[in-house]
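A.B. asks: Place chain S on chain W using the hints.
There are 2 protein chains.
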Amino acid sequence: MATEEKKDVGITAKKEEDMPEWFEQVCLKAELAEFSDVKGCMVIRPNGYAIWENLQEYFNKVIKSHGVRNAAFSLLIPESYFKKEAEHAKGFSPEVAWVTEAGDSKLEERLAVRPTSETLICKSFKKWLRSYRDLPIRVNQWCSVLRWETKQTKLFLRSREFWWQEGHCIYETKEECANETILFLNEYKKLCENILAVPVIAGVKTQKEKFAGAVDTYTVEALMPDGKALQMGTSHFLGQGFMKSFEVQFLGKDEKMHYPFYNSWGFSTRLMGGLIMSHSDNKGLVLPPRIAPNKVVIIPILIGKETEKIVKKAEEIKEHLSEFNPLLDNREEYTPGWKYNEWEMKGIPIRLEIGPKDVEKDQVVLVRRDTGEKDFVKIEDLKKKIPKVLDSMHENLFLKAQKLLKQNTVVAKDFGDLVKGIREKKLVKAKFCNETECEDWIKEKTEGATTRCMPLDDQKIEEGDQCVHCKKPAKCIIYFSKSY
Amino acid sequence: MATEEKKDVGITAKKEEDMPEWFEQVCLKAELAEFSDVKGCMVIRPNGYAIWENLQEYFNKVIKSHGVRNAAFSLLIPESYFKKEAEHAKGFSPEVAWVTEAGDSKLEERLAVRPTSETLICKSFKKWLRSYRDLPIRVNQWCSVLRWETKQTKLFLRSREFWWQEGHCIYETKEECANETILFLNEYKKLCENILAVPVIAGVKTQKEKFAGAVDTYTVEALMPDGKALQMGTSHFLGQGFMKSFEVQFLGKDEKMHYPFYNSWGFSTRLMGGLIMSHSDNKGLVLPPRIAPNKVVIIPILIGKETEKIVKKAEEIKEHLSEFNPLLDNREEYTPGWKYNEWEMKGIPIRLEIGPKDVEKDQVVLVRRDTGEKDFVKIEDLKKKIPKVLDSMHENLFLKAQKLLKQNTVVAKDFGDLVKGIREKKLVKAKFCNETECEDWIKEKTEGATTRCMPLDDQKIEEGDQCVHCKKPAKCIIYFSKSY
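The listed protein sequences correspond, in order, to chains W and S.
One point on numbering: in my numbering, the residue at position 285 of the first sequence is 285, and numbering is uninterrupted.
One point on numbering: in my numbering, the residue at position 406 of the second sequence is 406, and numbering is uninterrupted.
One should not assume that every hint holds.
Because identical chains share one entry, a pair is satisfied inside a single copy or across any pair of copies.
[What the hints assert, rightly or not] DSSO-like, lysine-lysine: derived pairs with alpha carbons at most 30 Å apart:
#, residue 1, residue 2
1, K253, K312
2, K39, K126
3, K406, K210
4, K318, K61
5, K339, K253
6, K61, K384
7, K318, K64
8, K123, K339
9, K14, K127
10, K244, K64
11, K210, K83
12, K123, K39
13, K154, K127
14, K126, K154
15, K39, K90
16, K61, K190
17, K61, K385
18, K385, K64
19, K126, K339
20, K482, K151
Because the hints were derived from the structure by calculation, they are not lab data.
Chain W with its partners taken away, still in its complex shape (with noise of 0.2 Å):
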């Protein structure tokens, strides 16, 4: 039985060699994700889940310290109100599930199943909006959205139904909203390197790359290690536009009226399809630890007339270390090879093992998932240990995909540079003139490569820089790749 299953559950594939084929086995082997029976659509399982819910629980502490609150909008939007807002209802349309018939009827106007909630939220904000002292709203919701993707599908990074949060906020003044909207892309960055130990780049999107009706995209950007970028979260300043194709006013303190400053920003399950991606490797998942549901699986080494003794202490000792939610693997029918295996594959950051020697010695033996390291450790001391162990994996994690990183960007100082950067799969980092044109023929030239962001951190532009394309003068600095 037990070789049987083990052949079942490893993975077959290569993270160097087939990073498609690795990844999805990575996601359906540690029983994450599936795809569902929607085609495009997937279930997150409930070690994904798990997951998912320690994002929420630590962003909502986030975002309630922002005086941001959590609400619940309709599922569903009416078609002319969904294209009120025109470049929105452009962007969005060829995405759009529609519901056109409920119970025996025809609807007399379709509903969009939400792709985003923009024009939804704004009708409230128009019932709730009165004078400037209402200012600022700030809310949030969890909620599932769909968008109807041509191209294939993949688990977490490309669905047609997703989950995300969605902030939502309006303020009285132009600056206060650029300053917030800046503010959560910050929460996004610190979300992803502090907590995720994925390092990113923040920076601004490009006029063609812009979410469909806003001013200005802010972006975190992750590199993949197949040299793909992944969007892990964007903050939208949404200026004045919605406002009013909405009519969303208020009483000014000057006693006239007023449109507010809109922002919305969001990062969604795809940033689960980067952190996985990111650190996993060929024996399966390898988690963050400080996003782990479980810090720690204990495995008793079993042997005969022992057993009962060492089962007794690995309950003890998962009793003391309850607040690393621990698990306790005794089962009977496996080896403890075979466990090890099984949970390494679903990337429990810790394992204690413990035999007959340890039990007498108060001792057990303690296995990194990152690094594979063991070390022998006092009971006693495990309480302290653990969480010294855990921050040098979020620390090593960190690093090495930061060097990943670094080793990957390159600057191109001409479009042939350009061209072969993106040939070997790199970040190219570059002066442009920041026109569409140009940007579509860079697309056309590379096979594909989109300007991923202009990074808030450097865009030292001097008298008689060049765009790395056209030649025209540059306008920024700007970062190419493909993405997913």
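C.D. replies: Chain S only, in chain W's frame:
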């Protein structure tokens, strides 16, 4: 300004005179929810959603303690899967909303927006289940569902979209499954009574009123002050019907294939309608204190030169009471009286008033929302006093609701009693033949009374007992009433 707004925000309808209007005003003016622009759908505003989040937090702990894990399943269900279980499909079809188009294309198969997720989750069970060692499998999801009601919709109580949790579990044996069906029913009873202070009757539905596809549906029913019953949560013993329709099987210890036994259970945002209606009064919302997001509001009485000192003390108190998530209302543009009305309307359980004399004496005035009782309390005693007041409020609300339930329950000895009881808006207990035809007749003759449930704790039927309507031998004791 203040008087103008006061007129705008107060509740103008009386609970005892026009309950539907009063209820809607409480929901709107306490900013709990509002109608969305999609007919029959609603938006849960932050004040309402914070209550729902507390319910989620409480109930997540409960279900996790029973080994249930959260997951996320698809919003859309292919028509062919939806129709696999015949009774289920028949029951839900009249109220399903259908996605038929996406982008510019017509879909080949209609997709149901989930009205409930049994069919889809069975497809996952089929993938996950191999042997008896995989059982039980217990999952839950928090999501919204759509049921295209044709009756007039009401905030929380009957809306086309509502939010809920749906638990789905499969077990090796019938006994285990049946026991846990009751286990989760009892958890609903505890939630209603111990957290929401709403007494409920736990019982089983008739075949006519059960969930489409269930063997038996268990329910907890509350009686609203207008004499209508409200279902607060249901737990369905589904037997093996869905398992057979979806070919969900496992290899047993006997090396043969078996069908597992299935239960599902849920409570929804309807229950929020129940808790609002049960306790609230003509001043507005009264929240059961254990679920109230903010237990305390602090209102400094701002007078002339003392203002600064009072605000400082109020801020200290806020800090000191942080475990109760207190609000501090130090807005200068409103009078204390206006603020009292506002926070009473919004249902904050405890108000602390602090004026110049109180600062001198290191005390506050503590006012209970339920009784309006006032008490001087030393600031140093607040941390001890507040939990006692909250417990006493819970007790008071529960006893009041229980008294109402008792006063409004009558036993019908004959059909005349039953008709009279229903006319007088009572919950009527009677002996019943438990036949659908008789149930239909009673509904017609009473202009709408339905069977609510057969109470689990009182089923003493004796030889010779007759049905309250048809006089055939009685099979059970059951409650009748009108309902939401």
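A.B. asks: Give a verdict on every hint.
C.D. replies: How the hints compare with the structure:
1. K253 x K312: Classified as between: cross-chain Cα gap 27 Å, same-chain 70 Å, threshold 30 Å.
2. K39 x K126: This pair counts as between: shortest inter-copy Cα distance 18 Å, intra-copy 37 Å.
3. K406 x K210: within (26 Å within a copy, 62 Å between copies)
4. K318 x K61: both (28 Å within a copy, 19 Å between copies)
5. K339 x K253: Cα proximity of K339 and K253: across copies only (22 Å, versus 67 Å in one copy).
6. K61 x K384: Cα proximity of K61 and K384: in one copy and across copies (26 Å, 27 Å).
7. K318 x K64: So K318 and K64 pass the 30 Å test across copies only (17 Å; inside, 33 Å).
8. K123 x K339: Between. Shortest inter-copy distance 28 Å satisfies the 30 Å Cα cut-off; intra-copy 54 Å does not.
9. K14 x K127: between (55 Å within a copy, 25 Å between copies)
10. K244 x K64: Classified as within; 28 Å inside a copy, 47 Å across copies.
11. K210 x K83: For K210 and K83, the Cα distance is within 30 Å only inside one copy (18 Å; across copies 42 Å).
12. K123 x K39: So K123 and K39 pass the 30 Å test across copies only (14 Å; inside, 32 Å).
13. K154 x K127: between (39 Å within a copy, 19 Å between copies)
14. K126 x K154: between (38 Å within a copy, 22 Å between copies)
15. K39 x K90: both (24 Å within a copy, 25 Å between copies)
16. K61 x K190: For K61 and K190, both the intra-copy (13 Å) and inter-copy (28 Å) Cα distances are at most 30 Å.
17. K61 x K385: both (27 Å within a copy, 28 Å between copies)
18. K385 x K64: between (32 Å within a copy, 28 Å between copies)
19. K126 x K339: This pair counts as between: shortest inter-copy Cα distance 24 Å, intra-copy 57 Å.
20. K482 x K151: within (15 Å within a copy, 52 Å between copies)
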